[in-house]
Every structure is written in C-alpha cells, then in structure tokens.
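From first to last, the protein sequence lines are chains A and B.
Note that the numbering used here has the first sequence beginning at 225, numbered continuously upward.
Note that the numbering used here has the second sequence beginning at 225, numbered continuously upward.
No lab work stands behind these hints: they were computed from the structure.
These numbers come from a predicted model, not from an experiment.
Please note that a few of the clues may not be correct.
Since the list can't tell identical chains apart, any single copy or any two copies may satisfy a pair.
[Stated by the list, open to error] Taking lysine-lysine pairs in the DSSO-like style, the calculated list, with each CA pair at most 30 angstroms apart, reads:
| # | residue 1 | residue 2 |
| --- | --- | --- |
| 1 | Lys368 | Lys345 |
| 2 | Lys441 | Lys304 |
| 3 | Lys345 | Lys304 |
| 4 | Lys441 | Lys345 |
| 5 | Lys304 | Lys343 |
| 6 | Lys368 | Lys441 |
| 7 | Lys343 | Lys447 |
| 8 | Lys346 | Lys304 |
| 9 | Lys368 | Lys343 |
| 10 | Lys346 | Lys441 |
| 11 | Lys304 | Lys245 |
| 12 | Lys368 | Lys346 |
| 13 | Lys245 | Lys343 |
| 14 | Lys304 | Lys447 |
| 15 | Lys345 | Lys447 |
| 16 | Lys245 | Lys345 |
| 17 | Lys368 | Lys245 |
| 18 | Lys441 | Lys343 |
| 19 | Lys441 | Lys245 |
Number of protein chains: 2
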Amino acid sequence: EILSAAEAMLGAGTGPLAGLKALVTSGPTHEPIDPVRYIANRSSGKQGHAIAAALARLGAETLLISGPVNLPDPLGVSTKHVETAREMLAACEAALPADIAVCAAAVADWRVDNEAGQKIKKEKGGLPQLSFTENPDILATLSKLNHSRPRLVIGFAAETENVIEHASAKRERKGCDWIVANDVSVDETGGGVMGGEENTIHLIRAEGREDWPRMAKSAAAEKLARAIAQHFSLSDEGPRS
Amino acid sequence: EILSAAEAMLGAGTGPLAGLKALVTSGPTHEPIDPVRYIANRSSGKQGHAIAAALARLGAETLLISGPVNLPDPLGVSTKHVETAREMLAACEAALPADIAVCAAAVADWRVDNEAGQKIKKEKGGLPQLSFTENPDILATLSKLNHSRPRLVIGFAAETENVIEHASAKRERKGCDWIVANDVSVDETGGGVMGGEENTIHLIRAEGREDWPRMAKSAAAEKLARAIAQHFSLSDEGPRS
C-alpha cells in the first residue's frame, strides 16, 4: 500500500497518461425514501476505486467521485464523496473538462419522487406507496456532451443474463466509446462478483470485443488503465477515428 | 479493546448477569428488490453492538444477531450475521430460550413482495412497480410469546418527531417491557444520531421515564446493561411484577 502510494506520487506528471485528466465514478448511490430508509445498489466500489488508482499510477490527474463505500480514499487520487445520483452527476459536470471518464459507479436508475420529510410510520395507512422517477443518466449525459465531451468515455454494464448482447446494446444506446461488461449473477460457488475481489471482464469497443480471464479487480484495473494508455498513444499518432 | 476483550472473557460466568442468556439484534436489514438493488435502513449498528458487548462484560452469555454493518464482531460475544428481517427473526427464534432480548436493530417494516429474479432493466417498461408486504415484527413476536418469552424484552424507537409520545405508544403496542427511545432527526449542528458516536436516550418503562443526558453510545450501552442487571437483582428478591 505504501509502495503503491509512492508509485502514484512518483507517477503524477510522468507515465503514459501524464498530462491527461481522468474522472472515475465508483460505488453505489443511495436514494432516500424518508429520513431513515433508502434504496441502494450492491456495489462495493472496489473495481472503480482500483481503476482510479491505476490511472493515477500511469500519470493521469485523477478525480474519483464515490458513492457511499467502505473503502479508504485511494492514495494519489482526489476523491469527492456523494450520496445520490443527482449529486454524482453534479460532481462530474463540475469536474469537466476531462480527457477520460470511467463511469464505474452503480448509479440507481430510479429515485423515489415522493420522498417523505418525516419517517413513514408503519401504523399509519398500511403499506407505503412509493412512486418513482428516473434518475439522470450520467454515462449518457457525459457521452452526449458537445463541446466538453471527454475524449474517451467508458461505461460499465453489470448484467445477470445475456451479458455481451446487453452490454453491446448499452454501448450504442448510451453513446459511450467502450463498455466494460461483467456478469454479476451469483456463480456456481455461491460467491459473486459484487463485493468480491475478482472480476471477469469483457471489454466491448466499436472495433470488437476482448474477453479477459477472471482476475483480481486490481489486475483488471491495471489492464484497463494500460488499454486506455495505448488508446491515447495510438490516437496521438493520427486523427481520432 | 484488548482490555475490554479481557474483561468480557473474565466476565463470562461472573458479574451481575452471570447465568443469564441475552439476545441482542443490531444494525439494519437489507430487503432485496432484485439481484442488484435493495431497500435499507440507516443504522450503523454501533449502539446495538455496544449493548451486546456491555451485557457480556456483566457476565451474560450473549448472542448478537447483526444485519449488514461495517463493525467488527464484538469480542466476548457470539455473533450471527443476517441480511433480511425474515432471517433476523428466524435467528432470534433459534436462539430461544433467553432471559433478555434487546431489539436494537433497525428492521425494515416492509419488503418488496414482487422481488425480481433478474435485474430490472431500465429500458423495459419504464418505471418499476414495486409492491410491498409487511415484514415480521421481531419485537412484537418476541414480546407476545407464551412459554418462551424472554423475561425482559427491550425495544428501540428511532423517531423524528414526538419522540416520547410515539415511543410510549410503541411500548404498549408491541407488548415489550422497556423502550429505549431516541430522536434521530438531524440536530442543529447538522450531524445526527445515526452513524454518530453519541446518543440521547429516554428509557421508557411501565413505572415511568428516565431522560439520560447525551453520552457516548458505549456509555449508554453500559448504563442500559447496568439497568438490566439492577432489574434482575430486584426481581430475584421477589415475584416479578
């Protein structure tokens, strides 16, 4: 840990991503129902935090925008803490311009639009009536910006079925450049990707798909950061396709 | 911490609660919506965990049944981890008979009764339609047992308004012996009880109310454990009222 902090600090300003600014979202969002209840997504933030750290190690000036997680702020990275999807989008917009945006957070698709100011009492009126409204779509919003669109926008797809098909459709629909897809269904061993230390990733780009072997989330982060660095080294040699 | 572990171990079998079995619930419950989403309560588990540790220090054989929290298992206590209200109730029932039950967990009043086996897709059919059903009421269930009712059942009331009135009504309604009431509305400083290190408690019993000053959750736990020990020392001297 001390070594990687030292690497991160030494990396700032040097390395293949030196001079580039990266924005990474990580963790879940919490959407309030009332002062004591909320809707959450299962996301430990481990993959997103590891990606932020890996980008910083390769020299990128990195801002991590994190929902509520139980992880230390990565060393060598600026971290901003948010709770809801709306707060996360506002923090992303405030961080622009950026060269790279990695949207690894598990953002709630919906929030309760009749949030109660007082605790909903069980004895009053039986079951709660929650009505929902769509949250802002952070990945699509960043992908569809005109002037301040990051040069490389990467989204995540956590799927429980038809992983590749759903993830490829998501890439088209959101307008992002790459999708990092993974299967979050519970595996045969009864364990799962969420909260775990390992991940099996399919990297989906316009030019095709890479299936990565199962590996530690830190190794997957490193591999993604290297792919990003390679992208920028290639795109510097010619016009961006 | 090492000292309190040593105290807890030395305490087992000695101390004013020696020979008594205590059951403590703590933390929130998580109620699944689909494989990646859930409804949660804001509860750090700090107060419940501290009470379990305090009861063990006074000599009680203590089982802690904890929802998802980010706290270490207290030393000197047996800890069982659960996620949902139904799992928590089942664990409580499996732990009977017990002399003391302290229901400090923030159990979800409701769960989604149309839990989806696959992730609910945003693109399919717009906003989610969640329908709710009532969760089992662990405090009322334990309080209303016939043969295996714990001799002292203590509930918690987290209120945002009319704290004393709501908590006193809760004591009657649930059939428990004592209610530990606290105000979880955000205080003037912008901080709050939930997740914080301090608590302001009103102890509500049939014989009246005690207003405790604001104090550390560990100190409140100690004070509650001492009140429990006093109750049993008095009730040993005569018939239980």
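Going through the hints against the structure:
no.: 1; hint: Lys368 x Lys345; in the structure: between (42 angstroms within a copy, 21 angstroms between copies)
no.: 2; hint: Lys441 x Lys304; in the structure: both (21 angstroms within a copy, 29 angstroms between copies)
no.: 3; hint: Lys345 x Lys304; in the structure: between (34 angstroms within a copy, 29 angstroms between copies)
no.: 4; hint: Lys441 x Lys345; in the structure: between (42 angstroms within a copy, 25 angstroms between copies)
no.: 5; hint: Lys304 x Lys343; in the structure: both (28 angstroms within a copy, 28 angstroms between copies)
no.: 6; hint: Lys368 x Lys441; in the structure: within (29 angstroms within a copy, 49 angstroms between copies)
no.: 7; hint: Lys343 x Lys447; in the structure: between (46 angstroms within a copy, 28 angstroms between copies)
no.: 8; hint: Lys346 x Lys304; in the structure: between (36 angstroms within a copy, 27 angstroms between copies)
no.: 9; hint: Lys368 x Lys343; in the structure: between (38 angstroms within a copy, 25 angstroms between copies)
no.: 10; hint: Lys346 x Lys441; in the structure: between (42 angstroms within a copy, 26 angstroms between copies)
no.: 11; hint: Lys304 x Lys245; in the structure: within (15 angstroms within a copy, 45 angstroms between copies)
no.: 12; hint: Lys368 x Lys346; in the structure: between (43 angstroms within a copy, 19 angstroms between copies)
no.: 13; hint: Lys245 x Lys343; in the structure: neither (42 angstroms within a copy, 33 angstroms between copies)
no.: 14; hint: Lys304 x Lys447; in the structure: within (24 angstroms within a copy, 38 angstroms between copies)
no.: 15; hint: Lys345 x Lys447; in the structure: between (49 angstroms within a copy, 29 angstroms between copies)
no.: 16; hint: Lys245 x Lys345; in the structure: neither (47 angstroms within a copy, 32 angstroms between copies)
no.: 17; hint: Lys368 x Lys245; in the structure: within (19 angstroms within a copy, 61 angstroms between copies)
no.: 18; hint: Lys441 x Lys343; in the structure: between (38 angstroms within a copy, 22 angstroms between copies)
no.: 19; hint: Lys441 x Lys245; in the structure: within (22 angstroms within a copy, 43 angstroms between copies)
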